[in-house]
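So the sequences go chain by chain: A and B.
Heads up: the first sequence begins at 1 in the UniProt record's numbering, then just goes up one per residue.
Heads up: the second sequence begins at 1 in the UniProt record's numbering, then just goes up one per residue.
If you are wondering where the hints come from, they were derived from the structure by calculation, not from laboratory data.
One or more hints might be untrue.
Computed beta-carbon distance windows for the label pairs [stated by the list, open to error]:
1) A:Thr226 / B:Pro215: 42 to 52 Å
2) A:Phe314 / B:Glu241: 38 to 48 Å
3) B:Glu241 / A:Ser117: 52 to 62 Å
4) A:Thr226 / B:Glu241: 18 to 28 Å
5) A:Ser117 / B:Ser69: 51 to 61 Å
6) A:Ser276 / B:Leu124: 34 to 44 Å
7) B:Phe102 / A:Asp259: 20 to 30 Å
8) B:Ala256 / A:Asp273: 33 to 43 Å
9) A:Ser117 / B:Leu31: 14 to 24 Å
10) A:Gly294 / B:Thr149: 26 to 36 Å
11) A:Glu65 / B:Pro242: 26 to 36 Å
12) A:Ala56 / B:Ser69: 36 to 46 Å
13) A:Asp259 / B:Pro242: 43 to 53 Å
Note that the Cβ used here is the ideal one computed from N, Cα and C, for glycine as well.
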Amino acid sequence: MSAPVSGPGSAPQAPGREPVRRGLPRMSRTARQHAPITATGLVVKVVLLGLVAGIAIWAAFPLIEAEHWLALGVLAVTTAGLFYLYLSRRHIPAKYLVPGTLFLIAFQVFPVLYTASTAFTNFGDGHRGSKDDAIVAVQTASVKQVPGSTEYNLTIATTGDPATGSLTFLLSDPKSKEVFAGDADGLRKLDAADVEVSSLSGKITAADGYTLLNIGQASSRSDAITALIVPTDDGAIRSNGLTRAYEGKAIRAYDAACDCVKDSETGKTWTADEDSGSFVAADGERLAQGWKVGVGLKNFATVLTDRNISGPFFGTLAWNFAFAIGSTGLTFLLGMAIALALHSPRMRGTNLYRMVLILPYAMPSFAMLLIWRDMFNTDFGLLNNLFGLDVDWFGGNWSARIAVVLVQLWLGYPYMFLVATGALQAIPRELTEATSVDGASPWQSFRAVTLPLLLVALSPLLIASFAFNFNNVNAILFTTEGGPFAPDNPTNGATDLLITYTYRLAFGAQGAEFGLAATVSIFIFAIVATVSAISFRRTRKQEEVYS
Amino acid sequence: MTTIAETPTSTRRPARRSRGRWFAQVGWRHLVGVLAVVFSLFPILFVISAAFNPLGTLSSTELLPTGASLENFTNLFDNTAFGHWFLNSLLLAGVASFASIFLSSLAAYAFSRMRFAGRRVGLLALLLIQMFPQFLAIVAIFLIFTTLTDLYPAIGFNTPWGLFLLYMGGALGANTWLMKGFFDTLPKELDESATMDGASHVQVFFRIMLPLVAPILAVTGLLAFIGSINEFIIANVFLTEPESKTLAVGMYGLVAGERNNNFGMFAAGTLLTAIPTVLVFQLLQRYIVSGLTSGAVKG
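Just chain B, with the same shape it has in the complex:
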């Protein structure tokens, strides 16, 4: 990757020559970086501009902010159940990602460290099930939950718990392979020596394996968190009452009908939704780089 020696050095004066060399070696890299930053940022800049736009319509929004008004934010909280949506989404995505990571790490531990009849078949079955477009099962899911709602209103439609159970159904399929890859990278000698010292399989799992893969668990958890925040199709069928909706369902409703007029409120909601994910992302990005590639190679 070092393109040092071959640069044409036809310039006469040393100062210009070194600037030319600087550009050939490093400068063009900054140019690419800046262009990429512009590409990454301009839609986000547009969102910020729309969120603080006092008129709050799409047609009056420019790329650069034209005003600084908090009206869109206050409207969002006064006119919609945004607070509810936000809390619903955080609660649902938080609990669901935590629980699904736990469930799949249990399974991944068994698949990685134990040998038993049906292990290969099990792994293969997980891979296959994951490839069936789950949301097409939504008719069946709807019928199942119509019955469940009659029997147990506490986990039926319009409750976060019913949706939580449903997301748990996808827990194994989504993450077990990735996690098994992480567990496989840990030397087997570690848990074997612990077993020799008298640790039970539970102790090996909780005291040795989990702490070692903790950063990677955090990354997978973050991806699962973002996944459930963005999940729309199933949640849209499931949650119909205004106060039970998640962010994706509620905010979609905001711009589904009144596109132009609610745009400012929608942009304000987008910014608020982004705060938690962007923060955690910046904290964990280092682990994402190493974690995803190492786990994926084994996947």
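One chain only, chain A, in its complex shape:
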């Protein structure tokens, strides 16, 4: 099977090609000698480079406006680099590699590196921004209505679209009759001539330059209205319902002298702890608002030693391997068995069988996973109805695991059937005939000839399938969602793969822990990479033995 395939292409040792392998000169030489410039080639080149220039200019304006000078520099250098690369005659391999690599770096390498770097921080809910952000958050969150607070009549307005535009509070002071406009940047006084104030309610009913929200529009954005805090000199203005606002006082304030937050009502202080990125009181109480700090290898130590995480981690790891090996192995066995059964010169109608058999692979898998989930439904699922069972499939640990693997078997075996058929057709018939002439039984001939050759041809696909199933999020998320969960541990279920477990850590209801999740994903990466590397080595050796 692999002999004809690996023939011509993989013969880099061919004597005539030695000089080629020494590096760049060959391509640049051919380029200088030949490379006739055709009219079409020139036109295409000009059009594409013009497109690049156009996109660069389009992209530059918002960057200048937002004063992202670093990003602008990167854009300019990238564009200049592209022009140099495609106008010069050298660096031919780069001309082919750069387009894909640009996307790869921007949308895969950069996010992945960023994620990996968060593994060394405490990034997560309550530790998102800088220390200054945390101080502002602590102070504004502590704004309280105190006796003597100024009260305002409130009208919600925007300068943009009522449904999406950023909000502004239009405020009128019922005592002094002064009018103000306030948003997250602060409060400013409006000219009384520019606004109309209702004499009945004291509310502003029109203002130049603002679109007022009616009650329906305002109530649909009530979350944003509650969240809007207008900072003032003495504290901040917050809304109280949709028609009233008050100027409250920040009870907690940051004091740079002691690097701590003081509560003016109780006198309690929380001192900044740079190691954990939070304000900690003497009694150990932490403020919810902290900041992002580097924690070194603490997350790695947590994964390995914390009972609550390491226990589930290794259990999940074991099941993860079982799932990936089970799914890959069973689909391969079933696919191969059916391929063997249908592979016979006397068989009629194999094409018909094949057309029907690959249907599960051609159906949209996300939808079929959800269909299977409902077929396993205890009360009105098809499987229980059909066989008169009353099994709570996703309720028990092992029945859920069996169900998940069964679904993978259904989805995956047609693929293995197809590729096994292809590989079988490529095995020369003389080989199996020779064994039967020598008196081997069909089973012996299969063991000694067919199976090894099949494995050589298919093991790269099996490794790829293993790597895919190891991180097969959809298979779990669309069916059991990781469950069933033990009553005492709602973060880790019996069918959780490492990746779905990590997904829950990162985005789960308990509050996001991006740093810890990134650490677990580094572990996952290391495991998959190691397993793949070992098996690639083994297949290399196999190929040498059998071909």
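Given the coordinates of chain A, work out where chain B should sit on it, guided by the hints.
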């Protein structure tokens, strides 16, 4: 694989004997085939039955169709933005798979036919990057696109183009190795003789290499197409407005809450989604058999 000679021939009458022989040689193969067909088909039969079930609920759906009503289909188009989802998915998956195949075939050509500093490192790096679970980078992706949405709303959240760019990031990692395998199987003499005749490297690529691997490109493209149709996690974070969703995101929303009642509509949507992929699959299945194995051996 031929189990002919050893069959027990203890039956007396010739007719029965030949039927026994027929079963031993061919018949059991058909039996296996039929069993496999049953296993493959029964969930699909269930989907069809649910799609045409006039009640449209999970609890009222049997394995065999109990009625023939198009109500689920009309509901699907009237009550949801299914038409939008369908077009979004087709557009996104079509453009993304085409572009990603093109990008990775460019790279694969360089890796297969040229020798340059950093070639091995590059190939190895691609293999490694691919193994990092990309969707875990979703926090970073979210932060990046929050900034991008402010700067360029045209490629931000809720646009197919932003998601397209993101999928392009995975283009090289997913297919370059497979494609390099295909290119390696083409004899080097072909492009060397073309170079001697005065063809430039661009001409060799477009006029000689691409046409020769075209069927295999089609297969890889089809797999990429199916991959992006089924992609859920990133699209789910990215697309939140009803009319910008893809099929996977939209249809998941259909059964996420109202599981029982929307089941018929969901099944109808599944059938409609399957039409394009199943059709192309049947057309290309021959190439899948030969293409995947030959490319994979080299991968």
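Do the hints match the structure? See the list:
no.	hint	in the structure
1	A:Thr226 / B:Pro215: 42 to 52 Å	violated, 60 Å
2	A:Phe314 / B:Glu241: 38 to 48 Å	holds, 42 Å
3	B:Glu241 / A:Ser117: 52 to 62 Å	violated, 32 Å
4	A:Thr226 / B:Glu241: 18 to 28 Å	holds, 23 Å
5	A:Ser117 / B:Ser69: 51 to 61 Å	holds, 56 Å
6	A:Ser276 / B:Leu124: 34 to 44 Å	holds, 38 Å
7	B:Phe102 / A:Asp259: 20 to 30 Å	violated, 56 Å
8	B:Ala256 / A:Asp273: 33 to 43 Å	holds, 41 Å
9	A:Ser117 / B:Leu31: 14 to 24 Å	violated, 58 Å
10	A:Gly294 / B:Thr149: 26 to 36 Å	holds, 29 Å
11	A:Glu65 / B:Pro242: 26 to 36 Å	holds, 31 Å
12	A:Ala56 / B:Ser69: 36 to 46 Å	violated, 55 Å
13	A:Asp259 / B:Pro242: 43 to 53 Å	holds, 49 Å
Of the hints listed earlier, those the structure fails to meet are numbers 1, 3, 7, 9 and 12, in rising order.
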